[in-house]
Amino acid sequence: MEQILLKGLDGDRTWRLADYEKRGGYAALRKIFDEKMTPEQVIDEVKKSALRGRGGAGFPTGLKWSFMPKNYTGAKYLVCNTDEGEPGTFKDRDIMRYNPHMLIEGMIIAAYAMGIPVGYNYIHGEIWEVYERAEEAIDEARAAGYLGNNILGSGFSFQLHNHHGYGAYICGEETALLESIEGKKGQPRFKPPFPASFGLYGKPTTINNTETFASVPWIILNGGEKYQALGKPNNGGTKIFSVSGHVNRPGNYEVSLGTPFAKLLEMAGGMRGGRKLKACIPGGSSMPVLTGEVMMELDMDYDSIAKAGSYLGSGAVIIMDETVCMVKALQRLAYFYYEESCGQCTPCREGTGWMHRMIDRIESGKGRNEDLDLLLNLSDNIQGRTICALGDAAAMPVRSFVKTFRDEFQYHIDHMKCMVPASS
Amino acid sequence: MLEIEIDGKPVSVPQGSTIMDAAGKVGVYVPHFCYHKKLSIAANCRMCLVEVEKAPKPLPACATPVAAGMKVKTHSQLAVQAQKAVMEFLLINHPLDCPICDQGGECQLQDLSVGYGGVESRFEEEKRVVSNKNLGSLISTDMTRCIHCTRCVRFGQEIAGIMELGMGGRGEHSEIMPFVSRTVDSELSGNMIDLCPVGALTSKPFRYSARNWELSRRRSVSPHCSLGTNISIQVRNNRVMRVLPVENEEINECWISDKDRFSYEALNSAERLTKPMIRQGGEWREVDWKVALEYVARGLKDIVSAKGAAAIGALATPHSTLEELHLLQKLMRGIGSENIDFRLRRSDFRVKSEGAPWLGMKISEVSQLDRLLVVGSHLRNDHPLLANRIRQAAKKGLEVSFINPSEDANRISAKHIAAASPDRIAQTLGGVLSALENTSDSKGVAADIAKSLASGKNVGILLGNLATNHPDASAIHVLASKIAARLGAKFGFTGEAANSVGGYLANALPGKSGLDAASMLKDPRHAYLLWNAEVELDCNDPQAALAAMEKAEMVVAFTSFSHKACEYADVMLPIAPFTETSGTFVNAEGRAQSFAGAVSPLQDTRPGWKVLRVLGNMMGVAGFDYEDSKQVLDEIDLSSSRLGNAPDGDCAAAEPVHGLQRVSHVPIYSADSLVRRAPSLQNAALAAAPAAAMNAKLLAKLGIEDGSPVLVRQGEGEVSIHARLDEGLSDDCVAIAAGHSMTSNLGPMFGQIIVERL
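Taken in order, these protein sequences are the chains called A and B. For what it's worth, our numbering labels the leading residue of the first sequence as 1, then goes sequentially. For what it's worth, our numbering labels the leading residue of the second sequence as 1, then goes sequentially.
Since the hints were derived computationally from the structure, they do not count as laboratory data. Do not rely on the hints blindly, as some may be mistaken.
To be verified - Covered, in the sense of this in silico footprint (three residues per stretch, anywhere, with C-beta under 8 angstroms from a C-beta of chain B), are these stretches of chain A:
#, stretch
1, 153-167
2, 337-345
Unchecked claim - With a Cα cut of at most 27 angstroms, we get these calculated DSSO-like pairs of lysine-lysine:
#, chain 1, residue 1, chain 2, residue 2
3, B, LYS301, B, LYS290
4, B, LYS127, A, LYS185
5, B, LYS84, A, LYS403
6, A, LYS203, B, LYS395
From a predicted model like this one, the values you see are computed outputs, not experimental measurements. For every residue, glycine included, the Cβ atom is placed at its ideal position computed from N, Cα and C.
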């Protein structure tokens with residue numbers, strides 16, 4: 001199976017510029033300058049690739065790039081979101097750790113396509129060594145003439161800076177991330193206006209995920225159509241899935257979009273101890289959970305998973321076997337969103353704490369019969385009512401866990417203990 | 001214009017309007033907490049969620065821009081369900097302590113919970129408790145009640161011009177808090193109490209003293225600065241319990257300053273003079289009004305016959321009512337003296353205005369200016385709400401320049417600041433004028449200011465309190481008016497107090513043969529009538545003032561408070577403060593605003609106009625038979641043609657002073673007899689003890705450290721205070737507050753001064 005992002009990373013010190021160049025690095029950038037590709041041609045190629053945002057929302061990348069006002073003469077910014085905080089997701093960390101130049105090349109190409117002179121890479125605060133490695137990579141790229149003024153003699157200039165956060169999940173929300181870069185408290189902004197018109201420092205800004213940018217050099221070198229063909233229509237290319245939980249070989253697996261889940265599970269060494277797949281969250285902790293039976297029939301692409309009632313999200317595949325107590329699993333997730341709500345708007349600030357305490361109560365055998373309907377009702381009252389999507393992220397797992405595994409929750413309430421022997 | 005529909009009602013609104021704006025236009029109320037028309041949009045409370053046709057989810061009315069053809073339903077099932085859900089979330093952690101909450105009865109959360117809250121709570125978990133914060137002497141906190149709307153935070157950032165509160169923490173742990181071990185010290189801080197939609201921020205002085213439904217509301221006018229701020233005096237059992245703003249977009253918008261709000265504490269102070277008093281044989285004796293006034297009348301008559309009427313002088317403060325000022329001058333003229341003045345802090349009377357000096361424009365027109373030069377004004381201290389108006393205009397493109405002894409920009413984003421020592425203010429203005437006259441390229445800040453002013457279409461020039469009280473005020477006046485004439489600019493004076501314009505209209509001024517305030521003290525009189533005046537605090541030169549009082553044969557103090565006059569006066573007569581009399585203030589823009597008494601006079605206190613009526617009759621002066629204060633008012637010509645700022649002559653700028661010079665302003669909570677006696681204001685950070693402020697260079701030159709004690713000598717007197725570093729001051733300036741008992745041993749507000757290390 002064709003790999004793009006993780007290909008050739010089994011060597012020594014793959015994060016160095018020399019290794020990246022040996023693997024064909026910066027050839028896409030050279031191609032653009034050598035063949036005098038216009039920015040429009042670059043965007044066209046990305047549109048043809050059907051590349052969709054890898055951060056979680058899956059928005060078509062080429063379309064997003066075309067929103068950047070072309071004739072705007074003031075400052076504009078390019079921002080990479082490496083604030084990977086979604087539980088279960090650890091793909092961007094590995095891209096940055098082993099293949100940072102691929103991101104840098106992707107950002108330079110994006111900057112060229114949108115005529116942007118300055119970019120920031122916002123790196124999650126809890127992966128400090130990755131930040132340090134990213135700093136080295138930028139230094140290398142600058143010294144080699146790939147970054148800075150008059151890149152490769154093309155006349156195009158682009159300054160890239162790394163910026164590390166301090167570990168707040170909310171700063172992965174793109175407008176909170178912008179606030180954080182500006183030195184303010186990381187709280188999402190009300191939209192509209194969207195970052196494309198009012199972004200960093202109030203200027204037009206394009207924000208993409210690390211994996212998205214890193215996919216761009218291959219698209220330019222090999223053509224958008226070829227990239228698209230790696231996946232399925234409307235679901236172009238390959239995607240890294242971070243497989244975690246009860247599998248034999250947890251880790252990052254880059255596969256073509258549309259690969260059957262069964263195949264991905266097999267690549268990850270199958271279920272640990274040969275146990276049965278009970279449930280799976282296919283796209284990071286904020287996405288609805290699906291049962292093992294449903295999962296085994298699915299292909300891993302945006303549209304297939306959406307059809308089954310969940311989302312591909314960031315590609316974090318959380319595998320749970322039959323020993324998992326779904327109440328306890330949700331208790332942990334609800335605690336996370338309670339802790340990570342920024343506190344700005346009412347439904348999320350108040351609702352996440354309420355849900356967390358109720359689920360805590362149910363888990364510890366103090367549930368009440370009316371709790372389950374109340375949880376579902378609270379999910380409805382949070383989702384779609386907040387400034388940013390954290391409210392949705394907190395509500396969706398609660399709703400899906402309670403709906404999909406209601407009997408387990410009811411058992412907890414009725415018997416004041418867990419129905420799954422191994423975890424009780 | 002966009003045509004949309006709100007609850008089936010068609011409305012057309014300009015592009016960029018929000019659903020909230022449109023709803024307001026058709027009179028549809030959308031419930032809200034964080035939204036406030038004067039603050040930026042936060043969209044965080046989510047109470048204003050409404051249904052918009054074709055939108056997949058409810059949208060916040062406050063933040064959603066309207067689009068053509070939009071159909072909004074504010075009370076549909078979806079909208080109300082969303083609003084009720086938000087209300088439930090707001091209430092789960094809000095304490096049910098309305099019965100002991102000061103906000104009870106005037107609480108937005110309480111009111112809206114009637115419509116949107118449930119009868120029973122579905123919340124069975126423990127409620128959150130948040131520790132209270134010390135925000136200073138004015139704002140009390142019950143932070144557990146906070147609903148995180150951030151109105152107070154945005155007020156600080158956007159209106160007060162300084163962020164003193166923020167939301168720290170995250171999620172459910174979010175708390176509104178000040179910076180570590182700091183308090184909220186803005187001169188506008190009390191507005192946060194009004195803005196707080198719940199009982200999290202309440203008035204510390206008012207706390208637990210009354211329920212809002214027990215209070216009668218009486219409209220009145222603030223007696224402090226020259227703005228004429230509209231206030232509501234709230235009364236219970238004939239006692240003023242608190243003061244709140246009355247919205248008047250043309251004057252104070254929806255705000256009042258902290259001194260407007262909290263000075264009422266002085267009305268109930270133990271220092272109130274409640275009985276007429278006469279000094280006999282060195283002892284003060286309470287007497288009834290008849291005895292007291294007969295004593296005064298006889299004394300004055302004796303002096304008139306022995307020394308002539310010119311031996312009597314009258315000094316009034318500009319915080320007195322128009323009626324009082326009119327009757328006082330009528331009495332003086334009736335007995336034959338032209339010695340009356342209310343401009344107690346002025347020292348230079350050479351050049352006069354052709355009419356009553358005023359703002360030169362409407363207050364609301366300040367917001368329309370595109371260029372403004374402010375000369376000699378500590379705006380934020382002297383006119384907190386005018387400063388706010390300028391602050392807001394500056395955000396929308398008004399270029400503000402200052403010529404001041406300090407670089408302090410008054411929390412206004414200023415274009416240029418010329419920091420000039422007091423003796424060089426006129427010189428700097430001259431620099432601006434010559435830069436405007438010369439086409440040649442002149443450089444420096446004066447030229448920059450000239451360039452900014454010349455590029456404007458709607459230019460204003462304002463002279464502040466410092467410019468008015470300056471020893472070279474005439475030269476400053478002449479130069480500023482020349483600059484204004486050259487630019488076709490609006491030109492005016494900010495005016496010091498509630499009746500700074502009114503005093504002129506009442507003609508409480510010396511006639512041709514009369515003496516002005518400074519001359520009356522320099523050339524002491526045999527008798528003085530002091531109207532509200534505490535001479536050592538209200539006059540330009542406290543030394544001269546006290547000396548004159550001590551020398552006088554007879555001093556009659558008409559006052560609401562027992563004060564230092566008991567050391568030099570012969571008679572003290574309790575006249576009513578503004579809450580206990582009817583009266584009129586004419587504000588800086590020339591607007592006369594009359595008010596009725598809010599409570600009846602305390603004990604034997606009497607409205608000033610009535611006291612003067614009786615005294616006028618006793619003195620045998622004609623025309624003192626008034627039935628009410630309205631008849632007094634009717635005698636005064638209030639026509640706007642009497643306003644005028646043009647100088648009546650020319651005047652060259654004085655030579656610069658040599659050596660150290662004093663610069664002073666009157667601190668905000670020292671400016672008048674009420675604020676001086678309001679304990680909560682006196683405990684606020686802005687009432688800090690006066691210091692000798694100097695820049696680092698001067699401190700080093702004098703071998704003085706920041707914070708160390710120094711001896712300050714001026715004229716005959718000296719005081720020992722502490723030195724303070726103020727980097728904004730010019731090299732030869734020592735800033736020492738006036739109007740304060742700690743500095744009343746010193747001489748004039750400006751002039752040479754000696755500072756020594758202690």
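Violated constraints from the hint list, given by number and in increasing order: Those not satisfied come down to hint 1.
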